[in-house]
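*Asks:* Sequence:
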Amino acid sequence: MDVLPLGRLAVVATFLLLTGIAVIRAPRSGRAGWWVAAAFGSMGVALIGIWLPETVGLELPPWLRDGLVVIVFALPYLLLRFTASFRDLPRWIEVAAAAGLAAVVTATFAILVSNGDAGSSASRRLTAYFTLVLTYWLSVSSLIVVRLWRAGRGQPTVARRRMRLMAVATAVLVVALLVVASQPSDGNIVLRLAVDMSALASAVAFGFGFSPPRMVRLSWRRPEERQLQEATTAVLRADTEQEVARRLLPPMVRLVGGRGATLINAEGWVVASYGDAPAAGSPLQGAKGSGASQVVPLGSDGGELVVWTSPYAPFFAQEEADLLRTMGAVVSLALERCQLLHEERSKRAALQRANEVAEQAREEASRANTAKSEFLSRMSHELRTPLNAILGFGQLLETSQLPAEDQEAVGHIQKAGHHLLALINDVLDLSRVEAGTLTVSVEGVHPGEVIDDAVALMRPLAESRSIRLVTEPVGSDTWIATDRQRCRQILLNLLSNAVKYNHDGGEVAIRCGRLTDDRVRISIRDTGPGISPGRLGRLFEPFDRLGAETSNVEGTGLGLALTKQLVERLGGSIGVETEPGRGATFWIDMPPSEAPPRTLEPLLAPDRPTDIGERTLLLVEDNLANLRLVEAMLRRRPGVRVLPAMQGRLAIELANEHRPDVIVLDLHLPDVPGHEVLHRLKADLRTRDIPVIIASADASPGRVQGLRDDGAFDYITKPLDVTTFLDAIEAALAIRDHAARTLG
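In my numbering, the protein residues as written are 1 to 744.
Hints listed in this document are in silico derivations from the structure and should not be mistaken for laboratory results.
Be aware that one or more of the hints could be misleading.
What the hints assert, rightly or not - In silico lysine to any residue, SDA-like type, Cα no more than 20 Å apart, as pairs:
1) Lys682 - Leu650
2) Lys682 - Gln647
3) Lys500 - Thr585
4) Lys415 - Ala389
5) Lys415 - Pro460
6) Lys415 - Thr399
7) Lys500 - Arg488
8) Lys500 - Glu579
9) Lys415 - Thr723
10) Lys500 - Gly417
11) Lys415 - Arg465
12) Lys500 - Phe540
13) Lys682 - Thr723
14) Lys500 - Gln489
15) Lys500 - Glu577
16) Lys347 - Glu336
17) Lys500 - Pro580
18) Lys415 - Glu398
19) Lys500 - Val445
20) Lys682 - Tyr715
21) Lys500 - Arg525
22) Lys682 - Arg649
23) Lys500 - Ser532
24) Lys500 - Leu536
25) Lys500 - Glu463
26) Lys500 - Leu469
27) Lys500 - Leu421
28) Lys682 - Asp709
29) Lys500 - Ser523
30) Lys500 - Thr578
31) Lys500 - Arg468
32) Lys347 - Ala358
33) Lys682 - Ile693
34) Lys500 - Arg465
35) Lys500 - Val576
Said to hold, decoys possible - Label pairs and their computed distance ranges (CB to CB):
36) Gln242 - Asn355: 25 to 35 Å
37) Val642 - Glu398: 16 to 26 Å
38) Leu515 - Asn355: 14 to 24 Å
39) Val642 - Arg514: 47 to 57 Å
40) Glu577 - Val642: 47 to 57 Å
Where is the CB? At the ideal position from N, CA and C, for every residue including glycine.
Construct the entire structure; sequences and hints are all you get.
*Replies:* Here it is as structure tokens:
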């Protein structure tokens with residue numbers, strides 16, 4: 001059997017098969033499919049018309065033979081239009097190609113019409129015709145080859161190899177057709193066979209380039225598959241939606257041959273995009289849901305993955321659609337992880353912000369408390385300092401031999417001074433409680449002891465108005481957890497009100513007993529006028545005296561407010577039971593406590609000599625009035641020489657030089673703070689054993705305890721009480737003498 005007809009039949013069959021495939025895919029492929037279908041169809045029909053008569057010995061009509069020649073000339077133009085589907089043709093090339101085709105067709109018909117002419121003019125026309133055809137054929141074919149080759153540049157492996165296979169196929173087919181046209185029908189059989197095999201190879205190359213089989217596509221896209229596998233592994237560690245898109249969309253789009261992809265949220269807005277697709281932050285518009293895109297739902301949140309086709313893959317087959325659905329599941333998992341991470345980061349950020357706000361609030365509260373403490377310390381000093389001189393000199397005048405009218409005047413001075421001092425103490429204590437700077441020392445206290453102390457202090461005032469103070473014995477097994485000093489202050493405030501607002505000859509009864517297992521109640525009942533129900537709501541308001549300001553009873557309205565704050569600070573509660581005209585009963589409930597362990601009394605008390613002998617006292621005080629007051633107090637106790645110093649540095653020098661027996665130190669000095677002077681004295685071997693008594697108007701418990709811990713022998717608050725001050729001096733000198741005797 002002759003091989004040549006079989007080869008030609010295979011070429012024709014291949015082009016016809018490609019034509020059928022192109023026609024079937026054209027509705028989804030768009031204009032590229034129709035142009036390539038026309039190109040392959042024209043090639044198949046032309047080959048049938050050219051080779052079939054020669055193979056079977058048929059003679060075609062002239063008009064049909066001429067028409068087939070024109071169809072062959074249309075092949076380059078049709079392929080050029082096919083390449084425009086991938087990259088638009090410049091307008092001038094499109095016009096030039098169409099004009100060239102029209103010129104060739106026109107010239108062909110002109111040559112066919114004048115085929116019987118002879119002579120030199122006919123030969124020249126024929127030469128011009130072949131030159132035109134060759135120029136058109138080679139220029140358009142070369143442009144096709146170049147455009148197809150360049151179209152694959154930068155594309156995924158499948159698209160790149162398809163374009164370059166069709167470029168090679170075009171070049172081979174053009175050369176084969178030129179060789180056929182230049183050879184006679186009875187030419188060299190070997191050359192004709194080679195041309196036919198080249199045409200067959202071109203047809204096969206066109207087939208692989210236009211519609212490669214599935215196995216070939218899978219083999220070609222292995223590099224993109226590896227990239228997608230790596231991206232799939234990496235995307236499950238992504239932290240944001242943008243990172244998911246950046247890692248996964250590029251290899252996915254390249255694998256399916258698309259032109260772009262987007263991630264869409266439930267509201268239809270683009271979250272992230274890649275390639276030729278709407279930008280992030282814009283609403284999705286255009287081809288979503290059409291044949292030019294594949295839409296893949298992403299989980300239950302309503303989001304979607306949209307991938308657009310490209311001219312190289314104008315539609316997604318079932319294989320690509322399945323792959324995109326698989327990738328959609330991966331994207332959904334990655335986005336769900338990102339959402340969980342975002343929520344976790346948001347919670348951590350909110351917690352961190354809350355911690356920062358809380359820390360800032362704590363710092364501000366600490367600064368506010370520090371400022372309040374400093375303010376209270378300064379106010380305590382500024383208010384108590386002048387009172388120190390007033391009450392101190394008043395005490396000295398009280399013990400002096402004065403006329404009766406002067407003694408009465410001094411009494412008024414003392415009474416007014418003590419009233420002002422009580423007011424200052426209440427205001428400062430209330431401020432400390434509200435600022436949270438009041439320190440308490442809770443211990444087991446027998447309530448009978450503090451009741452007896454408070455009653456003893458209040459008895460002179462009660463006896464002056466013939467008011468009886470009645471107390472009931474407290475059981476020895478009843479103890480309360482409280483601060484002894486603050487509890488005494490609470491009882492004094494309540495007893496003071498019970499006496500002041502009672503009638504002459506009345507009665508105040510104090511009783512104490514366990515109310516429940518976790519409450520011990522101390523009640524104070526008076527026989528006064530009582531309190532009207534309409535005023536009970538204002539009972540514990542500061543500076544509200546419930547109308548008593550119009551009476552002759554002195555008061556500030558701070559006592560009950562401070563008492564309530566102190567009781568609650570100590571973990572207790574306070575209340576009142578009253579009936580107008582029948583008196584009132586104020587009660588406080590305190591938590592119970594176990595009895596503290598008994599301590600052994602010292603067998604020997606320290607010596608307290610009545611004659612302290614000649615001693616040197618270094619008085620560090622910058623206020624001249626207070627300096628003169630202390631000197632006046634010490635003149636009543638002979639044998640003490642006062643060495644004054646009004647500055648801290650001078651005090652340290654005098655202490656090193658004279659080695660005084662005791663030092664009385666004020667805290668507010670003009671050059672060096674008093675606590676710094678104390679530190680320097682205790683750090684120096686020459687002065688560390690000298691007792692230092694702090695005499696300051698700053699009466700805050702924290703300051704008192706802090707200076708005691710730093711080595712102060714005693715802390716006396718201003719205004720100075722003469723007896724208390726002199727007792728502290730004697731105690732310090734006694735300790736000094738005892739130490740000297742021990743060392744001697």
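*Asks:* Confirm or reject each hint.
*Replies:* Right, here's what the structure says about each hint:
1. Lys682 - Leu650: holds (16 Å)
2. Lys682 - Gln647: Cα-Cα ~18 Å, so holds.
3. Lys500 - Thr585: Holds, at about 14 Å.
4. Lys415 - Ala389: holds (14 Å)
5. Lys415 - Pro460: Roughly 14 Å separates the two Cα atoms, so the pair holds.
6. Lys415 - Thr399: holds (15 Å)
7. Lys500 - Arg488: With Cα atoms ~18 Å apart, Lys500 and Arg488 stay inside 20 Å; holds.
8. Lys500 - Glu579: holds (18 Å)
9. Lys415 - Thr723: Satisfied, since the Cα-Cα distance of roughly 18 Å is no more than 20 Å.
10. Lys500 - Gly417: Given that 20 Å is the threshold and the Cα spacing comes to 19 Å, the pair holds.
11. Lys415 - Arg465: Roughly 17 Å separates the two Cα atoms, so the pair holds.
12. Lys500 - Phe540: The given pair, whose Cα atoms are some 17 Å apart, holds under the 20 Å limit.
13. Lys682 - Thr723: Violated. Lys682 to Thr723 sits at ~27 Å, over the 20 Å cutoff.
14. Lys500 - Gln489: Between Lys500 and Gln489 the Cα gap is close to 16 Å, so the pair holds against 20 Å.
15. Lys500 - Glu577: At roughly 18 Å apart (the allowed maximum being 20 Å), Glu577 and Lys500 satisfy the hint.
16. Lys347 - Glu336: holds (17 Å)
17. Lys500 - Pro580: holds (17 Å)
18. Lys415 - Glu398: holds (12 Å)
19. Lys500 - Val445: Not satisfied, since the Cα-Cα distance of roughly 27 Å exceeds 20 Å.
20. Lys682 - Tyr715: holds (16 Å)
21. Lys500 - Arg525: holds (13 Å)
22. Lys682 - Arg649: Answer holds: Lys682 to Arg649 is near 14 Å, not above 20 Å.
23. Lys500 - Ser532: With Cα atoms ~17 Å apart, Lys500 and Ser532 stay inside 20 Å; holds.
24. Lys500 - Leu536: Holds: Lys500 and Leu536 sit about 18 Å apart, inside 20 Å.
25. Lys500 - Glu463: holds (12 Å)
26. Lys500 - Leu469: Holds. Lys500 to Leu469 sits at ~13 Å (cutoff 20 Å).
27. Lys500 - Leu421: Status holds; Cα separation ~18 Å.
28. Lys682 - Asp709: Distance of about 12 Å is within 20 Å: holds.
29. Lys500 - Ser523: holds (17 Å)
30. Lys500 - Thr578: holds (16 Å)
31. Lys500 - Arg468: Judged against 20 Å, a Cα distance of about 13 Å means the pair holds.
32. Lys347 - Ala358: The hint holds at about 16 Å.
33. Lys682 - Ile693: At roughly 13 Å apart (the allowed maximum being 20 Å), Ile693 and Lys682 satisfy the hint.
34. Lys500 - Arg465: holds (9 Å)
35. Lys500 - Val576: Satisfied, since the Cα-Cα distance of roughly 17 Å is no more than 20 Å.
36. Gln242 - Asn355: 25 to 35 Å: holds (29 Å)
37. Val642 - Glu398: 16 to 26 Å: holds (22 Å)
38. Leu515 - Asn355: 14 to 24 Å: violated (43 Å)
39. Val642 - Arg514: 47 to 57 Å: holds (54 Å)
40. Glu577 - Val642: 47 to 57 Å: The hint (47 to 57 Å, Cβ to Cβ) holds, given that Glu577 and Val642 are roughly 56 Å apart.
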